[in-house]
Amino acid sequence: MTGQDVRRIVLDAIHRVAPEIDPSSIRPAERLRAQVDIDSMDFLSIVIDLHEKLQVDIPEADYGRLTTIDEIVSYLEARTAATPRSR
Amino acid sequence: MPSLGADMAFGTLVAWHVKPGDHVRRGDVVAEVETQKGVFDIDVRQDAVIGELTAEVGARVKVGAPLATLTPTTEVAPPPTPAPTPPPSVAPPAVTTVAKGVHDIEPAAGRLRASPLARRVAADLGVDLTTVAGTGEAGVITRGDVERAAAQGVAVLPVAGGPEVAPASPAEPAARANAMRLAIAAAVTRSKREIPHYYLTQDIELGAAMAWLHAANESRPVTDRILPAALLLKGVAVALTKFPSLNGFHLAGEFQPGGAVHLGVAIALRDGGLVAPAIHDADRLSLGDLMRSLTDLVRRARGGGLRASEITDPTVTVTNLGDDGVQAVLAVITPPQVAVVGFGAIHERPWAEHGLIGVRPVVTASLAADHRVSDGRVGSQFLAELARLLATPEAL
Numbered sequence: 001m002t003g004q005d006v007r008r009i010v011l012d013a014i015h016r017v018a019p020e021i022d023p024s025s026i027r028p029a030e031r032l033r034a035q036v037d038i039d040s041m042d043f044l045s046i047v048i049d050l051h052e053k054l055q056v057d058i059p060e061a062d063y064g065r066l067t068t069i070d071e072i073v074s075y076l077e078a079r080t081a082a083t084p085r086s087r
Numbered sequence: 001m002p003s004l005g006a007d008m009a010f011g012t013l014v015a016w017h018v019k020p021g022d023h024v025r026r027g028d029v030v031a032e033v034e035t036q037k038g039v040f041d042i043d044v045r046q047d048a049v050i051g052e053l054t055a056e057v058g059a060r061v062k063v064g065a066p067l068a069t070l071t072p073t074t075e076v077a078p079p080p081t082p083a084p085t086p087p088p089s090v091a092p093p094a095v096t097t098v099a100k101g102v103h104d105i106e107p108a109a110g111r112l113r114a115s116p117l118a119r120r121v122a123a124d125l126g127v128d129l130t131t132v133a134g135t136g137e138a139g140v141i142t143r144g145d146v147e148r149a150a151a152q153g154v155a156v157l158p159v160a161g162g163p164e165v166a167p168a169s170p171a172e173p174a175a176r177a178n179a180m181r182l183a184i185a186a187a188v189t190r191s192k193r194e195i196p197h198y199y200l201t202q203d204i205e206l207g208a209a210m211a212w213l214h215a216a217n218e219s220r221p222v223t224d225r226i227l228p229a230a231l232l233l234k235g236v237a238v239a240l241t242k243f244p245s246l247n248g249f250h251l252a253g254e255f256q257p258g259g260a261v262h263l264g265v266a267i268a269l270r271d272g273g274l275v276a277p278a279i280h281d282a283d284r285l286s287l288g289d290l291m292r293s294l295t296d297l298v299r300r301a302r303g304g305g306l307r308a309s310e311i312t313d314p315t316v317t318v319t320n321l322g323d324d325g326v327q328a329v330l331a332v333i334t335p336p337q338v339a340v341v342g343f344g345a346i347h348e349r350p351w352a353e354h355g356l357i358g359v360r361p362v363v364t365a366s367l368a369a370d371h372r373v374s375d376g377r378v379g380s381q382f383l384a385e386l387a388r389l390l391a392t393p394e395a396l
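Chains W and X are the protein sequences, given in the same order. The first sequence begins at 1 in our numbering and counts up one residue at a time. The second sequence begins at 1 in our numbering and counts up one residue at a time.
One chain only, chain W, in its complex shape (with noise of 0.2 Å):
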């Protein structure tokens, strides 16, 4: 799995939550509530989906580390290097 593929997925997750929000438009460095309207459940359906497609675990206590995309990508670059996939 590539970054590219991660942000894909990252992307993904974003677009089903807000559909209204073309993904390529939001700016990677910059916070993502500041530029789409997620609420706390929003997100929680965010970390579900990268659980299920990443096979990720992701702590609350990691919340604030993900507050752009490039933070959740990286976040997850680590976690998915760190933890092998069993599938």
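Among the hints, a few may not be true.
A few chain X residues that don't get close to chain W, going by computed Cβ distances all over 10 Å [claimed, not checked]:
1) Arg25
2) His197
3) Val238
Covered by chain X, according to a simulated footprint, are these stretches of chain W (three or more residues, beta-carbon under 8 Å) [what the hints assert, rightly or not]:
4) 9-22
5) 33-40
6) 53-67
Note that these hints are calculated values from the structure, not bench results. Even glycine gets a Cβ: it sits at the ideal position worked out from N, Cα and C.
Place chain X on chain W using the hints.
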């Protein structure tokens, strides 16, 4: 035609799911109706046999007018026990997994994007969807697009929601948002005209609640994680069981207690407006079940598939505006309900206790209640009880 909003006058019958002679059980979805607030599943209140379908698909039907004749079968074959049936908000998978509604779109890129309603109308009108240009969110093909394509340039088309509220417009999403705005305007205007509100607020310290929730979530799989909102809802529901004058309806000049606590949850829709469908018997659900009901309700409120009973049943409403950071919300009661509970953001704030100041997570809870039915003393006791319950979250 049930009233699916304080100001709904008409509904448009979108589909029948039954035919004459069919046997239906309580909670079965028999039809779909479109209102200013979207498409709703119409579920039946009791076991019955369908007689005649008096309304045709596409008909605009006045609230209170019959859609079909039903012959109840409960007298013939009574249920084995008079025990309460399971909360209908936990809908059978066959219904909840079939996402439907005007906002629904296909997630996969490159595929034809059309709302289920647009697909159905296209099938009925014989319109090839691949020839239709979508004007909805992200280019989604809407019912209006299909109807325009079918009419080939005819300017005035029947727009869902009725001519009083939905002018023939080239952009259906705008018309829908406008219709929703008018429906909300009518409801809140009636509320502020008729209901003498009183307002109370109380800061509630959530140190124990948040610590308990974080610990509980650490041991739960991500799919079962519980949001603070669910804990707040559970607290409200349980507290309300002790204050019946805040839970029910003011109808024909008098208060009618709601009995069960069917918690209306205000849900903002992505293209504007809001709905407040019920979590049935919220006080009796476990926290996990309440969270699942909440997730399911938000998904269906935004994606389609809300049931008529969920719209008509709320005995009280809760609005949670904390996600954007506001400290408190003093909300407008949804008639004919008699109270609404509001929550602002859960923020860390200085908190004095036992002569010491510490930093704690705190939420400002508010109550707006109908002064014809209850007094401030009752309201303040309710908020105190809510604070007491949230201090021992493990008991919720």
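Here's how the hints hold up against the structure:
1. With a least beta-carbon separation of about 31 Å from chain W, Arg25 (chain X) lies farther than 10 Å from that chain, consistent with its non-interface assignment.
2. With a least beta-carbon separation of about 26 Å from chain W, His197 (chain X) lies farther than 10 Å from that chain, consistent with its non-interface assignment.
3. Residue-level check passed: Val238 (chain X) sits 22 Å from the nearest beta carbon of chain W, beyond 10 Å.
4. By the rule of at least three residues with a Cβ nearer than 8 Å to a Cβ of chain X, the coverage given for the stretch 9-22 of chain W holds, with 7 such residues.
5. Residue count for the stretch 33-40 of chain W with a Cβ under 8 Å from a Cβ of chain X: 3. That meets the three needed, and the coverage hint holds.
6. Figure legend: the stretch 53-67 of chain W, annotated as covered by chain X; annotation consistent (5 residues with Cβ-Cβ distances under 8 Å, at least 3 required).
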